[in-house]
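Enquirer: Residues per chain, in single letters:
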Amino acid sequence: MGANVRRAALTAALAAALATTAGVTGACSGGGAPAGLISVSNGGCGASWHLAAPGWYTFQVHNAAAENADVNLVNPATGAVYADVEALGPGTTSPMRLNVGSGSYAFRCLFEDFDPLTGPTVKVGGHSRGSPAILPVTSADLIAPSLVYHGWVAAGLATLVSQANAVAADVRGGNLGAARTAWLTAHLTYERLGAAYGAFGDFDEKIDGRPDGLAGGVSSAQWTGFYRLEYGLWHGQSARQLTPIANALAADARGLRAAWPSMQIDLIDMGLRTHEILENALQFQLTGHDDYGSGTTLATTGANIAGTRELLTVLRPLLAPRYTGLPAVYTWLNRLQTLIGQAKGPNGAWLFVSALSLRQRQQIDAACSQALEQLAPIAVITEPRRT
Amino acid sequence: MADNADPGQTESVQTGSVQTGSVQTGSVQTGSVQTGSVQTGSVQTGSVQRRAFLRGALGGALGAGAAGAVAGAAGGYAYRATRPASASQRALDNAEAGVLPPVPFHGKYQAGVLPQSQRQTAVISFNATADGRAELTDLFRTITGRARFLTAGGTPPPVGIGAPPSDSGVLGPAVVPDGLTVTVGVGSTLFDDRYGLAPRLPARLTPMRASPASR
Chain A
1 MGANVRRAAL TAALAAALAT TAGVTGACSG GGAPAGLISV SNGGCGASWH
51 LAAPGWYTFQ VHNAAAENAD VNLVNPATGA VYADVEALGP GTTSPMRLNV
101 GSGSYAFRCL FEDFDPLTGP TVKVGGHSRG SPAILPVTSA DLIAPSLVYH
151 GWVAAGLATL VSQANAVAAD VRGGNLGAAR TAWLTAHLTY ERLGAAYGAF
201 GDFDEKIDGR PDGLAGGVSS AQWTGFYRLE YGLWHGQSAR QLTPIANALA
251 ADARGLRAAW PSMQIDLIDM GLRTHEILEN ALQFQLTGHD DYGSGTTLAT
301 TGANIAGTRE LLTVLRPLLA PRYTGLPAVY TWLNRLQTLI GQAKGPNGAW
351 LFVSALSLRQ RQQIDAACSQ ALEQLAPIAV ITEPRRT
Chain B
1001 MADNADPGQT ESVQTGSVQT GSVQTGSVQT GSVQTGSVQT GSVQTGSVQR
1051 RAFLRGALGG ALGAGAAGAV AGAAGGYAYR ATRPASASQR ALDNAEAGVL
1101 PPVPFHGKYQ AGVLPQSQRQ TAVISFNATA DGRAELTDLF RTITGRARFL
1151 TAGGTPPPVG IGAPPSDSGV LGPAVVPDGL TVTVGVGSTL FDDRYGLAPR
1201 LPARLTPMRA SPASR
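Chains as they are written, first to last, in the working numbering: chain A, 1 to 387; chain B, 1001 to 1215.
Hints are computed from structural coordinates only; laboratory data are not their basis. From the three backbone atoms N, C-alpha and C, an ideal C-beta is built for every residue, glycine too. Each hint should be verified, as a subset may be incorrect.
Pair by pair, the computed Cβ-Cβ distance ranges are [claimed, not checked]:
| id | chain 1 | residue 1 | chain 2 | residue 2 | range |
| --- | --- | --- | --- | --- | --- |
| 1 | B | T1137 | A | A144 | 40 to 48 Å |
| 2 | B | A1210 | A | Y330 | 17 to 25 Å |
| 3 | B | A1210 | A | T93 | 53 to 61 Å |
| 4 | B | A1097 | A | R129 | 52 to 60 Å |
| 5 | A | V218 | B | P1199 | 53 to 61 Å |
Sequences are here, hints too, so could you generate the full structure?
Expert: Here's what the structure looks like:
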């Protein structure tokens, strides 16, 4: 597992550790029977080995070559991966532990700058189900979805530019009431684009940055973007004072749109973003942290759900055959969306999260947390792998 | 743990999972903490846990373990350290190594109820947000499985290649039980009309009064 994925998986809301480890018998907390040393090199990938019976085993995988290797234990018939050791350095040994079920297994060695090597097929007898395998997702598999997503973002950015221009025009014209309405429309457009964890590089800081860490906080002259404008529009600042801020926001939106065609989506981010967007919402929106006066963080969460759904849609062909938890992802996203839709004032206006009842807030937070737990495995499943 | 805690005095927590000390507990549908207190006697669990608790996830490294109580309408986890039970050689060895022996999870009573009060205890309460009986059952199964594993210790079984790592990154790859006990209780409002438990309400179970110290 790549460092990025590992980090995200760990921070990925809770999900991880605790996960209801269904399918894995909880009693097996021991190290498993040793399964011997598996030596890999440019000349051979786990030469001869055998297992007498299914069960928990720990392979000691040793890299006898002079290059780094990714070592996978695969189903040779389908290429599905049961377990992997990543970036195993020359001369080093690393454990690979799994529940070996009945079936066919082979080690597959991926040395940098060498063609993949597959070792001999080993059949394990009996009628026992072991750790599940997943069909690897390759970079090639991810290119088409990422292009679709790139195009979707481009269309969203075009909308953003026109909406940000409208906000700026309202502010310049002194129509601050209209500007507040237009601000929300434009901000939700931006939040739908899944701008979590700096997806848009420096532009994200300019367009949607927080005052956290800036000297002077909300009065810092370095604070720009949607939240800065929100703060001014909802704290009685004048049109004259806010005009340069609104103009800069519109200019930054145009700058992002212009830069986007040459900005590349890191393929590993496609899967990571599926939980990172909502993870940010849980941390900054549902807590009210990112409320700078408008009380629309629930609306923002709704936009974040929409952004998450778009990623799931483009990844769906890859996920459907690989992730049995996918229906539960939609179940919980739907539940979260429903709860947010119900959390409005009598006139249909958005409410500050602090205005919600304790029960409402707990249910929303719980649904978001559970949605994140269901989303968490996607990053690992869609991590691009060599085959 | 006050069953009828005034919402205005409570801390709402934003995540569905809780990590406590040498315990990581995830609640499947328990989204919020209604009331909570962390009682600790060690540097390891003091401000760190308090801060983490407010952030919504209890984290830290509780050296000696913990015990707990969860609840339905309001209840909680309490994590409590259990003192060495005997002067056996094994206990001595453990003491010399700075860890407490594991306390059996299975037994006639929940662990952590009868021993004298502990040096380190975390008491946490939740409102149940489970939607219906099946989800509540799922929640208790999750808590049970997690408590059983954490009190026994060991290396969590790999959950397979398509899942996040079973090592939470908090406790390290191998969990040391270190005398941990987890005690779970439920509040009387769990027996309302949500889960079909009304006929099972124990006769003397009533909402807890808020103690003066929790005001």
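Enquirer: Please go over all the hints and tell whether each is borne out by the structure.
Expert: Status of each hint after checking the structure:
Separation of B:T1137 from A:A144 is about 41 Å and conforms to the stated range, judged on CB atoms against 40 to 48 Å. Range check, B:A1210 to A:Y330: Cβ separation about 41 Å, and the 17 to 25 Å hint is violated. About 57 Å separates the C-beta atoms of B:A1210 and A:T93, a value consistent with the hinted range of 53 to 61 Å. Separation of B:A1097 from A:R129 is about 38 Å and departs from the stated range, judged on CB atoms against 52 to 60 Å.
Separation of A:V218 from B:P1199 is about 55 Å and conforms to the stated range, judged on CB atoms against 53 to 61 Å.
Comparing the model with each numbered hint stated earlier shows that hints 2, 4 do not hold.
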